[in-house]
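Visitor: Spelled out from the first residue to the last, the chains are:
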Amino acid sequence: MTGEIKLLLVDDEELVLRSMEKTLLRAGFDVETAGNAIAGLALFESTLDGGEPFDLAILDLNMPGLDGRNDADAGLKLLSVMVKADADLPIIILTAFDEVARAKEAVARGARAYFVKGREAGLVDLVNDIIEG
Amino acid sequence: MPSNVSLAERRAALLHAAAKVGHNVTSILDTGRLLEQTVDIICDEFGFYYAGVFLIDEADSEAGRRWVVLRAGRGDAGAAMVAERYKLEVNGRSMIGAATGMGSAIIALDVGEEPVHFKNPHLPDTRSEMALPLIVGEKTIGALTVQSTEEAVFSDDDITALQAMADQLAIAINNARLYSQNRQLLARARRRTRLLEAAAEVGRETASILDLDELLARMVDIICDAYGFYYAGVFLVEPDAEDPDRQWAVLRAGRGEMGAAMVAEGHKLEVGGHSMIGAAAGMQGALIALDVGDEPEHFKNPHLPDTRSEMALPLVVGDADGGVCLLGTVTVQSTEEGAFSDDDITSLQAMANHLAVAIRNAQLLKELEAAHAELVRTKTYEALATATLEAIHWIGNKALPITAGVERLLEDLDRLPPTEPERLESMREDLEMIADSAALIVSVQEHLIGPAREEQPRPGLAEDVVKDAAVATVIPVEMISYTVAPDLPLVRADTTQLGRVFGYVLQNAVEAVEGADEKRITVEVTPVDDFVAIRIADTGPGIPEEDLDKIWAVFYTTKGAQHAGLGLSAALQVLKQIEGQIMAANGPEGGAVFEVLVPVYDGPLPEATLPSKKKVLLIDDDDAWSRFATAALKDAGNKVTRSADGRAKLATFDLILMDAVLERADSRAVLEQVAAEGAGAKTLVVASGLRVEEAMALIQLGARDVVLKPYTAAALAEIVG
Numbered sequence: 001m002t003g004e005i006k007l008l009l010v011d012d013e014e015l016v017l018r019s020m021e022k023t024l025l026r027a028g029f030d031v032e033t034a035g036n037a038i039a040g041l042a043l044f045e046s047t048l049d050g051g052e053p054f055d056l057a058i059l060d061l062n063m064p065g066l067d068g069r070n071d072a073d074a075g076l077k078l079l080s081v082m083v084k085a086d087a088d089l090p091i092i093i094l095t096a097f098d099e100v101a102r103a104k105e106a107v108a109r110g111a112r113a114y115f116v117k118g119r120e121a122g123l124v125d126l127v128n129d130i131i132e133g
Numbered sequence: 134m135p136s137n138v139s140l141a142e143r144r145a146a147l148l149h150a151a152a153k154v155g156h157n158v159t160s161i162l163d164t165g166r167l168l169e170q171t172v173d174i175i176c177d178e179f180g181f182y183y184a185g186v187f188l189i190d191e192a193d194s195e196a197g198r199r200w201v202v203l204r205a206g207r208g209d210a211g212a213a214m215v216a217e218r219y220k221l222e223v224n225g226r227s228m229i230g231a232a233t234g235m236g237s238a239i240i241a242l243d244v245g246e247e248p249v250h251f252k253n254p255h256l257p258d259t260r261s262e263m264a265l266p267l268i269v270g271e272k273t274i275g276a277l278t279v280q281s282t283e284e285a286v287f288s289d290d291d292i293t294a295l296q297a298m299a300d301q302l303a304i305a306i307n308n309a310r311l312y313s314q315n316r317q318l319l320a321r322a323r324r325r326t327r328l329l330e331a332a333a334e335v336g337r338e339t340a341s342i343l344d345l346d347e348l349l350a351r352m353v354d355i356i357c358d359a360y361g362f363y364y365a366g367v368f369l370v371e372p373d374a375e376d377p378d379r380q381w382a383v384l385r386a387g388r389g390e391m392g393a394a395m396v397a398e399g400h401k402l403e404v405g406g407h408s409m410i411g412a413a414a415g416m417q418g419a420l421i422a423l424d425v426g427d428e429p430e431h432f433k434n435p436h437l438p439d440t441r442s443e444m445a446l447p448l449v450v451g452d453a454d455g456g457v458c459l460l461g462t463v464t465v466q467s468t469e470e471g472a473f474s475d476d477d478i479t480s481l482q483a484m485a486n487h488l489a490v491a492i493r494n495a496q497l498l499k500e501l502e503a504a505h506a507e508l509v510r511t512k513t514y515e516a517l518a519t520a521t522l523e524a525i526h527w528i529g530n531k532a533l534p535i536t537a538g539v540e541r542l543l544e545d546l547d548r549l550p551p552t553e554p555e556r557l558e559s560m561r562e563d564l565e566m567i568a569d570s571a572a573l574i575v576s577v578q579e580h581l582i583g584p585a586r587e588e589q590p591r592p593g594l595a596e597d598v599v600k601d602a603a604v605a606t607v608i609p610v611e612m613i614s615y616t617v618a619p620d621l622p623l624v625r626a627d628t629t630q631l632g633r634v635f636g637y638v639l640q641n642a643v644e645a646v647e648g649a650d651e652k653r654i655t656v657e658v659t660p661v662d663d664f665v666a667i668r669i670a671d672t673g674p675g676i677p678e679e680d681l682d683k684i685w686a687v688f689y690t691t692k693g694a695q696h697a698g699l700g701l702s703a704a705l706q707v708l709k710q711i712e713g714q715i716m717a718a719n720g721p722e723g724g725a726v727f728e729v730l731v732p733v734y735d736g737p738l739p740e741a742t743l744p745s746k747k748k749v750l751l752i753d754d755d756d757a758w759s760r761f762a763t764a765a766l767k768d769a770g771n772k773v774t775r776s777a778d779g780r781a782k783l784a785t786f787d788l789i790l791m792d793a794v795l796e797r798a799d800s801r802a803v804l805e806q807v808a809a810e811g812a813g814a815k816t817l818v819v820a821s822g823l824r825v826e827e828a829m830a831l832i833q834l835g836a837r838d839v840v841l842k843p844y845t846a847a848a849l850a851e852i853v854g
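Protein sequences appear in the order of chains E and Z.
Position 105 of the first sequence, counting from 1, maps to 105 under this note's numbering, and the rest follow consecutively.
Position 134 of the second sequence, counting from 1, maps to 267 under this note's numbering, and the rest follow consecutively.
Hints listed in this document are in silico derivations from the structure and should not be mistaken for laboratory results.
Heads up, none of these hints are tricks.
Under the rule of at most 25 Å between Cα atoms (straight-line distance), these lysine-lysine pairs were calculated in the PhoX-like manner: (1) E/K117 with Z/K531; (2) E/K84 with E/K104; (3) E/K22 with Z/K531; (4) Z/K746 with Z/K767.
Just so it is clear, the structure is predicted and the values come from calculations on it, not from any experiment.
Given the sequences, and given the hints that come with them, work out the whole structure.
Guide: Spelled out as structure tokens, the structure:
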């Protein structure tokens, strides 16, 4: 068990969130979850004031954004805020299978990787690859 | 010789008789009766044995010869001569001919001595004869003959008295004629008024009746009622179901029971055929048979045995191009011979013209309604399709956790102690069933959501897109062959979507040839009018004829439950959006043939400003795209080298363009090698279609960018500039 690796998972689909959480927990990660951008940002900011920092964040794209409204680019905006505060934090963006432009945009904004929703089996490998650098 | 007394009495009697004739004749307006009465009065009152009235027949004149015809004669002799149309030439040698010619009375006191008297076998006893001209104003209209069995019976007094009577008779005849003419004129005027009223009524009615069948039924009733014809029918032109060169005039409305019967049995006549209707339609002119028995174009119709006259009128309207458009024909039939007057024809054609306009209006309205219904159907279909897509998208998203959850369960199952192996095996089987179902739902979502995305058409090379799709479908190189026409035009399409279409069709072909002895797929790319046609044929079993239409329906599949049956309906959707077409058929040798028509790009090709004097490496097969890129870059003054697998001195190049799809190499492996040699930052990967996983993988492997493949110099300049 690697115990000390701490992940932030933000997605508004409750079942998807819980499913991914379970997969990651089973792989031995410490996982904190949020159901929207505001809650996700709050968890992230709580670590900046001396809390234990996240090792990696996984963000959905389409969810209630920082202004509380549903936004197809909510994840991209949250990504930018987080990268600005901590440029070293690896972030994975969750996308639909054919959203090439959004995926490229996420990488341009500093995301380390993207992940197509529904391919959960590869998520643990991807997280491990990034953490091990 | 008569005495003076008797002369005076006779003169009085003559004047009395003349007055009586005058009184009688002026009140008789029927010419025939007037003349008969006149000859009787003359004979009875004057005691002559014969009198006759001749009238000039204005219609019977030829080469300057005119005839005066006996119209009434006394007794059997007179009747016989009238019956045989006894006539004498005006100015001829007869007394009547001379009297009418000269306009003055002639007396023969003994006809035997009179050279101009024509010996008449009907009147052998005549010994004296007087011929008196009938004059109205300046015009001689005929002559009166008065004959006696006595010789030299006429005196000057007789002449005076009889001429006075003849003058009155002439005036009476003229009056009667005028009266008759007036009556005819009046009748004609009344009829013309009624016909014009009927035509106007058709105009009024037709303008307000927009239901075609109602309009035509009303039309035949108006014609029959207004004109007194016993039958009228309206035919409309329809194309032949099979032969595009043939047209039929189909009866759409007919008067009465016979009309209804003929409409019910689908009575139709070929346009340009031998019937009057067919001939009138073919010539687009009115055709009249005054006695149909003599008219070869008349089609003997068992429903209408009493027809003796028939008129066929074309229904034509002007079309948008300034020509005329034949809509049909009207038939009008009468039981009388020669039933159609000039007035009838004129007003019926006017009515037919009104009707033609009204029919066109009704047809246009029907077309408009059909177009509207089609629009509603299309909108409904679109709304349904959108709703279906949204539902599938939603279901797909909700199904995502199922696969992951099942996977975790399967892992846990493996770690359980195998105390009850049979039960564990059963649980594993159930979980796999759940996993398969969830995977199917997720793939349905991915298949449908892709084509539903808005397309971004741009110029592309169909040949390159289909080849990339074949490689992506993992078709062995030896199974597929291409025939590509030279100098193909660019197509206008979203190449990502078009690649999907080819992918679906090729996937179909691969599955079709699976069980076949010969496994071959042939691709033909040729220009067809304003399209580029891509024909994909396989050596599989073909598509069952009865399924040829069904294959386009969502969820239709012949391949069992594991196939969602989405590929072809998605392909249809993609092509609809880019105004292309996709068709399926079976080839002559049995396999399926799909033909995809992609519209030719006809937009502008802007000037390109490509960089120059660069050394460019193309990592690509020798294909349509690499040839295009090589030519474009060389034209701009660059040095271009091509390599199919990337094995080159990478450090020597300023720019590397790599196709994401390589026929004989794995593009990821090639890119890895390129990145390893430190050339990743100058490497652009181009792809005819983009998927996130592929694109992001290549970027993560170190490519500078992954972009849509440019097919024009301008698009190329945009990505390399």
